[in-house]
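Participant: Reading the sequence shown from the start, the letters are residues 1397 to 1659 in this note's numbering.
Bear in mind the hints are in silico, worked out from the structure with no lab data behind them. Beta carbons: idealized from backbone N, C-alpha and C, even for Gly. Please note: incorrect hints may appear among the correct ones.
To be verified - Have a look at the derived ranges for each label pair, beta carbon to beta carbon:
id : residue 1 : residue 2 : range
1  : Y1481     : G1650     : 18 to 26 Å
2  : V1459     : A1560     : 38 to 46 Å
3  : Q1643     : Y1481     : 32 to 40 Å
4  : Q1518     : L1403     : 20 to 28 Å
5  : Q1518     : A1434     : 37 to 45 Å
6  : M1433     : D1563     : 37 to 45 Å
7  : P1572     : D1491     : 15 to 23 Å
8  : Q1473     : P1402     : 39 to 47 Å
9  : P1529     : Q1484     : 38 to 46 Å
10 : P1402     : D1563     : 23 to 31 Å
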Amino acid sequence: MVVKLPLLRLDHRGNAVLIPPHPHGLIHFLGGAFLGMAPQVVYQRLLEYLAQQGYAIIATPFVNTFDHADIARSLGQRFHRTRLYLEQQGKFDRDLPIFGLGHSMGCKLLVLLESLDPGRHQGNIFLAFNNYPARRSIPFLDQVLTQVSPELDMTVEFSPSPEATLDLAQQHYATPHSLLIQFQRDDLDESRAIGAILQQRFPQTFRFRVLSGNHLTPLGQSLDWEPGSSFSPLDAVGQWFRQEVYQDLDQLQGELNQWLQQF
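Kindly produce the complete structure, drawing on both the sequences and the hints.
Facilitator: What follows is the structure in structure tokens.
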């Protein structure tokens, strides 16, 4: 029987939290750039599914800046404080295994968090890893820089840069169990580079999967398509699209649950 759980709610530290009865694992979720500002809304369907499977959820919102290392450290601190508070309130045991789950830019932040302060998580899941440079990540950045200082060749980049992020992972990433998921129709994915590093460092416990879907599949937003009084070809297209979106998300959810159950 599926137990009806409350929706994800923001706590006093700004984390989105959902605790099922007697959880057997804790998931720290980090969303994509801009999307990660409201994970309780954007990723609601995926996170509530994981809670139904018995995993406590702490999703930490963030605002993107150029200092990604600082964002990662801040996210780790906010998660840690909320986790300690929930433990003190008796919401779950202190020895509960912790898993990281990131989407897009959230994957980069998860890599940084586990490289700058290793040993926090028992395992990590990366969905549609993205590690683009600033000029590709931020629309119209070149035009803005030209208007600000047209006579200077300004170099603006995230800290750490994409290359430095991979170097950090190569040297310091210490979580042996990792699941990396790439989607077939994803033009923004950069999983191969981080996958090569994780495969080299942990060949026995690293897992790489390619699933049907695109970069936005983890969002799985509800598509409430209401057919008209007479079923039209447009209604058929709408229902087919809705079925395809949920089919990809269902496959993703099943893959996550299967991987998590090994612990």
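Participant: Tell me, in ascending order, the numbers of any earlier hints that this structure violates.
Facilitator: 1, 2, 5, 6, 8 and 10
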